[in-house]
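S.K.: Read off the chains here:
Number of protein chains: 2
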Amino acid sequence: MTGTLYGVGLGPGATDLLTLRAARLIESATVIAYPTLAGGDSFARSIAADLIPATAREIIMDVPMSTERGPAQAAYDNGAVEIAAALDAGEDVICLCEGDPLFYGSFMYIHARLKERYTVEIVPGVTSVTACAARAALPLAARNERLTILPGPLPEDALTDEISRADSVVIMKVGRHLAKIRRVLETLGLQNQAVYIERASLPKEVCLPLAQAPEKAPYFSMILLTKGADPWL
Amino acid sequence: MTGTLYGVGLGPGATDLLTLRAARLIESATVIAYPTLAGGDSFARSIAADLIPATAREIIMDVPMSTERGPAQAAYDNGAVEIAAALDAGEDVICLCEGDPLFYGSFMYIHARLKERYTVEIVPGVTSVTACAARAALPLAARNERLTILPGPLPEDALTDEISRADSVVIMKVGRHLAKIRRVLETLGLQNQAVYIERASLPKEVCLPLAQAPEKAPYFSMILLTKGADPWL
Numbered sequence: 001m002t003g004t005l006y007g008v009g010l011g012p013g014a015t016d017l018l019t020l021r022a023a024r025l026i027e028s029a030t031v032i033a034y035p036t037l038a039g040g041d042s043f044a045r046s047i048a049a050d051l052i053p054a055t056a057r058e059i060i061m062d063v064p065m066s067t068e069r070g071p072a073q074a075a076y077d078n079g080a081v082e083i084a085a086a087l088d089a090g091e092d093v094i095c096l097c098e099g100d101p102l103f104y105g106s107f108m109y110i111h112a113r114l115k116e117r118y119t120v121e122i123v124p125g126v127t128s129v130t131a132c133a134a135r136a137a138l139p140l141a142a143r144n145e146r147l148t149i150l151p152g153p154l155p156e157d158a159l160t161d162e163i164s165r166a167d168s169v170v171i172m173k174v175g176r177h178l179a180k181i182r183r184v185l186e187t188l189g190l191q192n193q194a195v196y197i198e199r200a201s202l203p204k205e206v207c208l209p210l211a212q213a214p215e216k217a218p219y220f221s222m223i224l225l226t227k228g229a230d231p232w233l
Numbered sequence: 001m002t003g004t005l006y007g008v009g010l011g012p013g014a015t016d017l018l019t020l021r022a023a024r025l026i027e028s029a030t031v032i033a034y035p036t037l038a039g040g041d042s043f044a045r046s047i048a049a050d051l052i053p054a055t056a057r058e059i060i061m062d063v064p065m066s067t068e069r070g071p072a073q074a075a076y077d078n079g080a081v082e083i084a085a086a087l088d089a090g091e092d093v094i095c096l097c098e099g100d101p102l103f104y105g106s107f108m109y110i111h112a113r114l115k116e117r118y119t120v121e122i123v124p125g126v127t128s129v130t131a132c133a134a135r136a137a138l139p140l141a142a143r144n145e146r147l148t149i150l151p152g153p154l155p156e157d158a159l160t161d162e163i164s165r166a167d168s169v170v171i172m173k174v175g176r177h178l179a180k181i182r183r184v185l186e187t188l189g190l191q192n193q194a195v196y197i198e199r200a201s202l203p204k205e206v207c208l209p210l211a212q213a214p215e216k217a218p219y220f221s222m223i224l225l226t227k228g229a230d231p232w233l
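Taken in order, these protein sequences are the chains called A and B.
Okay, so the first sequence: first residue is 1 according to this note's numbering, each after it adds one.
Okay, so the second sequence: first residue is 1 according to this note's numbering, each after it adds one.
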């Protein structure tokens with residue numbers, strides 16, 4: 001009997017925004033797996049840390065800092081081999097994923113490598129999108145409104161085009177793209193409707209009108225733009 | 001001391017996809033509030049049922065079946081008055097919300113009525129979007145892909161325009177709009193890439209290629225369309 005691969009969403013960062021299902025799976029884990037970036041700490045592991053049994057074996061996929069895909073591919077290739085060996089030995093493997101496993105998450109790379117050969121169960125998680133909306137107390141979408149989710153690294157003209165046509169907008173992965181995004185929103189006259197949020201649900205979270213946002217944004221920052229959604233009915 | 005209004009996301013339906021925070025708040029609730037539709041059962045209440053203390057007082061907002069806004073507005077007006085009275089008496093009120101409170105949820109109507117006068121805390125929840133993706137084991141978005149979330153009631157030409165330009169698409173509230181959505185996807189030649197999901201995470205969940213979907217869809221059904229996202233890196 002081979003084991004089951006679980007892709008487990010951990011939510012945006014607060015330790016009590018895990019689901020009951022995620023918590024139970026982690027508490028009974030014998031093997032967990034997660035990525036780290038260039039030898040740093042794992043954000044995913046930090047969210048689940050209090051629940052991980054001391055006896056659990058940990059498979060660490062260290063992804064080097066590089067804009068080239070090859071080194072990251074190799075890290076996921078190696079991780080997949082190690083995870084597959086545990087599954088072949090009949091062990092379940094709990095893959096820890098910040099947010100949701102299928103929403104801009106690295107679990108997708110492990111899933112793509114192993115889904116044909118193993119039973120996979122995915123546990124959805126609270127995304128940073130709804131965590132940021134909760135922090136800002138801003139409705140994301142009501143009734144027949146559309147919601148557009150855009151990665152900050154998109155080119156300036158693509159962002160301008162998308163935002164100009166959208167109802168509600170979430171811009172993810174703001175980080176070093178903050179200045180570009182500010183320019184886009186100023187061009188569209190929307191800068192005063194934008195809210196900047198970083199590290200939603202964590203102790204050092206920040207939620208400010210975009211005009212008051214810092215010059216430098218961390219990778220885990222987001223901009224919400226609701227262009228006049230009327231939640232009054 | 002007035003009480004705090006909590007808007008608590010309950011996730012897509014499975015009782016173990018609540019967050020730990022939501023579960024703790026509900027277990028210690030003295031007053032809970034939730035909407036029902038035309039005297040029917042409350043889906044939100046059913047998700048949380050096992051956690052609701054027998055001693056909790058329940059404020060029910062019964063929303064009549066109507067396409068006009070007036071009767072629904074009146075139901076939320078009355079609910080807000082009843083919730084405000086509890087808050088004024090110093091009681092916290094836990095407002096139960098299927099999915100996430102700020103994502104196509106009726107909590108937004110209560111929030112709009114009470115946010116200026118009371119302390120509000122919003123607990124984000126797992127949305128049906130990621131629950132459906134988890135059930136279908138389909139990546140929603142990776143790297144610099146955009147994700148477009150569309151309500152099924154949008155007009156046919158608007159859906160066609162949005163979908164033709166999108167990377168990944170989620171169509172919510174499919175229900176009686178299924179035939180129209182099928183036509184749109186056939187026009188765009190995308191019908192074979194679409195997946196139909198109803199009641200994700202519930203015992204009677206359905207997940208099928210759109211071509212095999214039933215003729216009639218319930219309100220809580222969704223179509224996922226990933227146009228070739230490559231999660232391999």
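One or more hints might be untrue.
Identical copies go unnamed one by one, so any copy, or any two together, can satisfy a pair.
[What the hints assert, rightly or not] Here are the computed lysine-lysine pairs in the BS3-like style, where the Cα-Cα straight-line distance is at most 25 Å: (1) Lys-227 to Lys-180; (2) Lys-227 to Lys-173; (3) Lys-227 to Lys-115; (4) Lys-115 to Lys-180; (5) Lys-227 to Lys-204.
Simulated from the structure, these hints should not be mistaken for laboratory data.
S.K.: Against each hint, give a clear statement of whether it holds in the structure.
M.R.: Hint check results:
When the C-alpha separation of Lys-227 and Lys-180 is checked against a cutoff of 25 Å, the pair qualifies only within one copy, where the shortest distance is 20 Å, while the shortest distance between copies is 27 Å. Taking the shortest alpha-carbon separations for Lys-227 and Lys-173, both the intra-copy value of 20 Å and the inter-copy value of 22 Å come in at or below 25 Å. Taking the shortest Cα distances, Lys-227 and Lys-115 sit within 25 Å of each other only across copies (19 Å), while inside one copy they are farther apart (40 Å). For the identical chains of this complex, Lys-115 and Lys-180 are neighbours neither inside a copy (38 Å) nor across copies (33 Å), given an alpha-carbon limit of 25 Å.
With identical chains, the CA atoms of Lys-227 and Lys-204 are never at most 25 Å apart, being 27 Å at best within one copy and 37 Å at best between copies.
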